[in-house]
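There are 2 protein chains.
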Amino acid sequence: RGNVRTEHVKRLNLTRRLQQERPLPLSVIKTIVTSEMGQPQGGFEELIGLEVAMGPLLADGRTLAPKRIGEVAKDTGLSDDDIRKFAAIGLIQIDSRKGGDWLNQRNVKIMEIIAQTRADGFTPEIGYTVESYAIYPQMIELLARRAVVGFYSRLGDKLDQPAAAKLAVNGIRTLSEMVPLMLIDRIVRMVEKVSESGKLPASDEDV
Amino acid sequence: RGNVRTEHVKRLNLTRRLQQERPLPLSVIKTIVTSEMGQPQGGFEELIGLEVAMGPLLADGRTLAPKRIGEVAKDTGLSDDDIRKFAAIGLIQIDSRKGGDWLNQRNVKIMEIIAQTRADGFTPEIGYTVESYAIYPQMIELLARRAVVGFYSRLGDKLDQPAAAKLAVNGIRTLSEMVPLMLIDRIVRMVEKVSESGKLPASDEDV
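In order, the protein sequence lines correspond to chains A and B. The opening position of the first sequence corresponds to residue 1 in the working numbering, with each subsequent residue numbered one higher. The opening position of the second sequence corresponds to residue 1001 in the working numbering, with each subsequent residue numbered one higher.
Derived from the structure by calculation, the hints contain no laboratory data. The beta-carbon is built from N, C-alpha and C at its ideal position, and this holds for glycine as well. Heads up, some of the hints might be wrong.
As the list claims (entries may be wrong) - Here are the simulated DSSO-like pairs of lysine-lysine, each with C-alpha atoms no more than 30 Å apart in a straight line:
(1) B:K1166 <-> A:K74
(2) B:K1109 <-> A:K193
(3) B:K1010 <-> A:K193
(4) A:K98 <-> B:K1193
(5) B:K1098 <-> A:K199
(6) B:K1030 <-> A:K193
(7) A:K158 <-> B:K1193
(8) A:K193 <-> B:K1067
(9) A:K67 <-> B:K1193
(10) B:K1199 <-> A:K30
(11) B:K1166 <-> A:K193
(12) A:K109 <-> B:K1193
(13) B:K1199 <-> A:K10
(14) A:K158 <-> B:K1199
(15) A:K193 <-> B:K1085
(16) B:K1010 <-> A:K30
(17) B:K1166 <-> A:K85
Unchecked claim - Taking CB as the label site, the calculated pair distances span:
(18) B:S1153 <-> A:R16: 25 to 35 Å
(19) B:G1055 <-> A:D95: 38 to 48 Å
(20) B:Q1020 <-> A:R189: 24 to 34 Å
(21) B:E1192 <-> A:K85: 20 to 30 Å
(22) B:S1096 <-> A:P162: 39 to 49 Å
(23) B:G1100 <-> A:A88: 49 to 59 Å
(24) B:R1017 <-> A:A119: 33 to 43 Å
(25) A:A119 <-> B:S1096: 35 to 45 Å
(26) A:E131 <-> B:V1028: 30 to 40 Å
Stated by the list, open to error - Far from chain B by the CB rule (all over 12 Å, computed), these chain A residues:
(27) Q20
(28) P23
(29) A88
(30) K98
Same shape as in the complex, but just chain A (with noise of 0.2 Å):
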């Protein structure tokens, strides 16, 4: 792998040394990358730089200015120390830069999320602890981590930045409201199966 990422790091240095030189399409660039230096081994080289493709079209019309951790506490309650443990989890995502500690706009929104689901009642107290969260992340972990590879395998040399950015949006928009819907037909499924055994199912880990 490491000869893969050695290959990876020239191609894309020469990619952008030939984007600053000349403007040109990233199509022509990458004719005359592959010229230079064969076909790539990665296979999803045009799709180096999707985020920024990816950019415009996840925003939804909300501002997405970050905040710093010191205003999410202020504005919705929660501790500065719950909020960084929420990020040892895994929850949520800190950004550090410019001499301070950032959550973006999806991030921000993930506290003022818990900060309700705490008001509503799911509190510390009654065991609904930061670490009681902790498998969100890890199974979200896996789900992107899937997604992610699959998308770039399956279409990595198939598709230009820009239909892959649209692609990828759709996809992404796609398990935003199927996972929901999955969830919460499965709980309530499970609800009436309670009631119906009078048993709980049965949970591998500590609940």
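Position chain B relative to chain A; hints supplied.
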């Protein structure tokens, strides 16, 4: 556990008989049952039938009429066979009754999403087969189980049905909002990392 089961069935039968015989609040009936049979062992007797109280709170204004599989196939363009395969991997649930196989509105919607995602370009031909979706129900099952077991074991003996139903539905809404945000954030960060490193994240399983 067999003992708890028998005990539960007895309590449930007594509760139902009392409900039919006398129009009393459930709290009063519970007191009668407890006076006849002692404290329940399970600790969530009060929540038996919770799905009924949750029903109206989960309705979202759309019609919740179920559809027959044939109708869903016609409306979405998916084949009858594919719909049954999605059920076989657990992505959707088929309800067999009244001489037919039905999907409830949530499962109809999941099939509509899948049809749209195929139209977008995530086709079986390039690898997005029915089987490639199997990871989702596996993960969702674990999340749902954790949520349900956690809820009953922490709150089963603390809340009456209306309060529990309200809280449970709030909890479901929390998960429905939080999980997609986490998923989007994780995928975007992973894409950034792929661009930066030129390497795909490790995937334990075949993608």
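Structure-based check of all given hints:
For the given pair, K1166 of chain B sits about 28 Å from K74 of chain A by alpha-carbon distance, which is consistent with the 30 Å threshold. The straight-line distance between the Cα atoms of K1109 of chain B and K193 of chain A is roughly 23 Å, inside the 30 Å bound, and the hint therefore holds. The straight-line distance between the Cα atoms of K1010 of chain B and K193 of chain A is roughly 17 Å, inside the 30 Å bound, and the hint therefore holds. Between K98 of chain A and K1193 of chain B, the direct Cα distance comes to roughly 20 Å. Compliance with the 30 Å bound is thereby established for this hinted pair.
Of the supplied pair hints, the one linking K1098 of chain B and K199 of chain A holds, its CA atoms being roughly 28 Å apart against a limit of 30 Å. For the given pair, K1030 of chain B sits about 21 Å from K193 of chain A by alpha-carbon distance, which is consistent with the 30 Å threshold. Simply put, K158 of chain A and K1193 of chain B have alpha-carbon atoms about 21 Å apart, close enough for the 30 Å limit, and the pair holds. This hinted pair checks out: K193 of chain A and K1067 of chain B have alpha carbons roughly 22 Å apart, not beyond 30 Å.
Among the hinted pairs, K67 of chain A with K1193 of chain B is consistent with the structure: their alpha-carbon atoms are about 22 Å apart, no more than 30 Å. For the proposed pair K1199 of chain B and K30 of chain A, the alpha carbon gap of about 18 Å is at most 30 Å, so the pair holds. Between K1166 of chain B and K193 of chain A the CA atoms are separated by roughly 19 Å; this keeps the pair inside 30 Å, and the hint holds. Only pairs whose Cα atoms come within 30 Å are accepted, and K109 of chain A paired with K1193 of chain B is accepted, the gap being roughly 23 Å.
Restraint check: the Cα-Cα separation between K1199 of chain B and K10 of chain A comes to about 14 Å, which is no more than 30 Å; the hinted pair holds. Proximity of K158 of chain A to K1199 of chain B is assessed by CA-CA distance (about 18 Å); at most 30 Å being required, the pair is judged to hold. In summary, the hint linking K193 of chain A to K1085 of chain B is supported, as the alpha carbons are separated by about 23 Å, within the 30 Å threshold. The hinted pair formed by K1010 of chain B and K30 of chain A fails the criterion: a straight-line CA distance of about 73 Å is larger than 30 Å.
Using a Cα cut-off of 30 Å, the hinted pair K1166 of chain B and K85 of chain A holds, with the two alpha carbons roughly 28 Å apart. At about 55 Å, the beta-carbon gap between S1153 of chain B and R16 of chain A misses the expected band of 25 to 35 Å. A hinted range of 38 to 48 Å for the beta carbons of G1055 of chain B and D95 of chain A is consistent with their spacing of about 42 Å. At roughly 26 Å, the beta-carbon separation of Q1020 of chain B and R189 of chain A lies within the given 24 to 34 Å, and the hint holds.
For E1192 of chain B and K85 of chain A, the Cβ-Cβ distance of about 25 Å falls inside the hinted range of 20 to 30 Å, so the restraint holds. One distance hint, 39 to 49 Å for the beta-carbon pair S1096 of chain B and P162 of chain A, holds here, with the actual separation near 45 Å. Roughly 51 Å separates the CB atoms of G1100 of chain B and A88 of chain A, a value that falls within the hinted 49 to 59 Å. Roughly 39 Å separates the CB atoms of R1017 of chain B and A119 of chain A, a value that falls within the hinted 33 to 43 Å.
Distance hint for A119 of chain A and S1096 of chain B: a CB-CB separation of about 41 Å, consistent with the stated range 35 to 45 Å. In this structure the hint that E131 of chain A and V1028 of chain B lie 30 to 40 Å apart at CB holds, the actual value being about 39 Å. Every beta carbon of chain B lies more than 12 Å from that of Q20 of chain A, the smallest distance being close to 17 Å; the non-interface claim holds. No beta-carbon of chain B is positioned within 12 Å of the beta-carbon of P23 of chain A; the least distance is around 21 Å.
Every CB of chain B lies more than 12 Å from the CB of A88 of chain A, the least distance being 15 Å, so the non-interface label holds. Remark: the non-interface label on K98 of chain A is consistent with the geometry, its nearest Cβ contact in chain B lying 18 Å away (cut-off 12 Å).
This entry does not satisfy hints 16, 18, going by the numbered hints stated previously.
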